[in-house]
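Protein chains: 2
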Amino acid sequence: MVSRNEAAEFLRGADDILILCHQYPDGDTLGSATALCRGLQKLGKRAMIKCSDPIVPKYDYLFGGVEKQEFTPKAIVAVDIADTQLIGEPNQSLYGEKIDLCIDHHPSNMGYAKRSCVDPKAAATCEIIFDVLNLLNVEIDRQIADCLYTGITTDTGCFKYINVTPRTYRIAADLVEKGADGNRINREMFDTKSRARIGMERRVMETIRYYYDNRVAVIKITLEMIRSTGATEGDIEGLASIPRAIEGVLVGVSLREKPDGTCKVSLRARPPINASDICAAFGGGGHAGAAGCTFDTTMDQAEKQMLEEIRKHI
Amino acid sequence: MVSRNEAAEFLRGADDILILCHQYPDGDTLGSATALCRGLQKLGKRAMIKCSDPIVPKYDYLFGGVEKQEFTPKAIVAVDIADTQLIGEPNQSLYGEKIDLCIDHHPSNMGYAKRSCVDPKAAATCEIIFDVLNLLNVEIDRQIADCLYTGITTDTGCFKYINVTPRTYRIAADLVEKGADGNRINREMFDTKSRARIGMERRVMETIRYYYDNRVAVIKITLEMIRSTGATEGDIEGLASIPRAIEGVLVGVSLREKPDGTCKVSLRARPPINASDICAAFGGGGHAGAAGCTFDTTMDQAEKQMLEEIRKHI
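Order-wise, the sequence lines are chains H and X.
So that you can map any letter, position 39 of the first sequence is 39 in UniProt numbering, and since no number is skipped, the others follow by simple counting.
So that you can map any letter, position 106 of the second sequence is 106 in UniProt numbering, and since no number is skipped, the others follow by simple counting.
Treat the hints as calculated values from the structure; they're not laboratory data.
Mixed in with the good hints, there may be bad ones.
Given that identical chains are not distinguished, each listed pair holds provided it fits within a single copy or across any two copies.
In silico DSS-like links for lysine-lysine, alpha-carbon gap of 30 Å or less [as the list claims (entries may be wrong)]:
hint, residue 1, residue 2
1, Lys-312, Lys-193
2, Lys-258, Lys-193
3, Lys-178, Lys-121
4, Lys-58, Lys-193
5, Lys-258, Lys-50
6, Lys-42, Lys-264
7, Lys-74, Lys-312
8, Lys-114, Lys-98
9, Lys-98, Lys-193
10, Lys-264, Lys-193
11, Lys-68, Lys-312
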C-alpha cells in the first residue's frame, strides 16, 4: 500500500502513462481517469485513457479537456478498479499483470498493482485523485473540477449515500469554487432519463417481488426488456437502486440476465445489513451499501440462492 | 434590513420567543425553527414553535431536541417566511403584524417584519440560522445539526439545485462533523417511496404519450389508479415531474382526474418555455418551471386544449 504522496511521487517520475478504467465505466472511474489524464498532460507528460467497454454519450463532456495522444505506454495506472477482472477484455489480458499504480477507494481492492494507493474512507476515487493532483501542484481548472465533481456526485448518489464524509462536501465546495457546474452535472446524471430508461423503469417495476415481511424486494432485468426498450448500458445503470428505495425494504436485489447465460446480481442494503458480506458468499464483493456477484445459473436459481443467503443476515 | 450580527444581538436580548413557520411547512422552515428553538433553549431562554398547518410525520425527528414550553410571547421571530400571507391562519391574524425579526432567504421577502435578516444568496434559511447560532455561541449539537442539515438538503433538492454554493457544501461538512446524519435524512427525504408510490409511478409511466417531435410528454393520473394503488396525496406529489425528466422533453404535462369531474393540469417546462405563460391562457399560473390550471372538462378534452396552447409556445 502506498500513500497519496508516494502515488504522486511515482507519477511525477513517470511519462507515457496509460490510465485504465473499469469495465461498465461509471462516473467515478471516468471522472478519475479524465481528471488525472488532463492533470498529467498539463504537467507536460503524455497520457491516455483506455476502457474495455464503450463510454455512454452522457459522459462525453468529461473528455473535453483531454488531448488525444498515442504512444507505447511506459507506465500503467488503474483508477477505481478493485480487481484485474474488472478491467474487462481486451485490457485485462493486455495490461492486467503490469499495473504500476492503482488508485482506488474500494475496501475490496485486491492489491494486484505494484503500488496500491487505496483509501476506503474516500467516498469516490475522485477524492483521492483530487489530493494527488494537488500534491503534483496541478492547478484544478474548470474541466478537471467538472471531472472530479462528476465522480464524487455519481459515487455518492448526489451526496446521498453513507460513504459521504465532511471531506466529501469540502472537496465539492472547492471544486464548485474552481468552476465545476454541479447543477448541470447533477441534472444530467440524475434528473434526465432517456425514453428507453423510462421504459426499463416501467418494465422493472412490474417485476418487483417482496420477501421476508417486505424487508427484501427483488427486481429482474431480462434480455428481452433490454431488447424491446432499446436500452443501453447507461439506461440500465442505477435500476438496481429501485427496490431498496421502497419503504421498509432493507435489502434490494437486482437480477440481470446476461447474454452468456450467467446472471449478474446487484445488491443494495440499508444498515445494519451489509451487502458486501452477502455477496461474499458467492465470490462477489463491494461496499456495505452496494455490492454484487455473478451466478452461472438462470435468474430464478440465482434468486433462490440469494434469498437463502439473505435470510441468514436479516 | 439587519445583518446576521444584529439578528443575533436582538435574540441575545430577547426572551419568551415565539418562532413562526410558514404554512404547508417544508424542511427549511421546520429545520430553521427547530434548530433556532433548541439553540435559544440551550441559552436558558424560553422558546416555542407555531405553525398554522399540521406537520407531516416524516419531520417528527426535527422536534426531538425541542422542549415543549408554554408562555405569552414577548418576541416573535418568523423563519423562512417571505410574506405574512404565507404564515397562514390562525397565526397570520394573531401575529402577522407583530413580527420582531424575520430570518429568510427568499429574494421576494416583503420586509414585513420590524427587523428583516434576509440573504437571497443563502441556499436555505438554515444556512443563515447556522451563522446566527454560531454568533450566539450556541454549540451546534447533533440535534441542531440534523435540523439545519434537513433545511439545507430539502431546499437544495439534495445539493442538486442551482442555489447551491461552495458555502452550502462547507456548512454541510461542518454539520456532518457535528453529527448530522445526512445519509438517513436524505434517504428519508428523497429516497423512500411507499409501495403505493411505486405502483403509481408504474401506472403513470404506462400512460406517457409524446407530441411535437417528442418535445412534449403527457401523463395521466386517473381516479382508478389512485384507488387501485391506495395512493395518498403524498404518493401523488411529484409525479408531475416525471415527463419533463425525459431526455429532449421541454414541456411535461400531467393531467389529473378529480372526483368532482374537473381535470387538474400540472405543467413543468424547461427554458426557454415558460409554463406559467401557457397556464395563464386557462386562468392558471405559477413559475416559469412549474405551473398549473384547471379544466371543467374530461382529461381528453383538457389534453387537446393544452396541446393546442403549447403548440403556440414551442
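These are the hints, each one checked on the structure:
1. Lys-312 to Lys-193: between (37 Å within a copy, 26 Å between copies)
2. Lys-258 to Lys-193: both (23 Å within a copy, 28 Å between copies)
3. Lys-178 to Lys-121: both (24 Å within a copy, 18 Å between copies)
4. Lys-58 to Lys-193: both (11 Å within a copy, 27 Å between copies)
5. Lys-258 to Lys-50: Cα proximity of Lys-258 and Lys-50: one copy only (24 Å, versus 55 Å across).
6. Lys-42 to Lys-264: Cα proximity of Lys-42 and Lys-264: none, with 40 Å in one copy and 53 Å across.
7. Lys-74 to Lys-312: Classified as neither: same-chain Cα gap 48 Å, cross-chain 58 Å, threshold 30 Å.
8. Lys-114 to Lys-98: within (8 Å within a copy, 70 Å between copies)
9. Lys-98 to Lys-193: neither (38 Å within a copy, 46 Å between copies)
10. Lys-264 to Lys-193: Answer is both; intra-copy 23 Å and inter-copy 25 Å each pass.
11. Lys-68 to Lys-312: neither (51 Å within a copy, 43 Å between copies)
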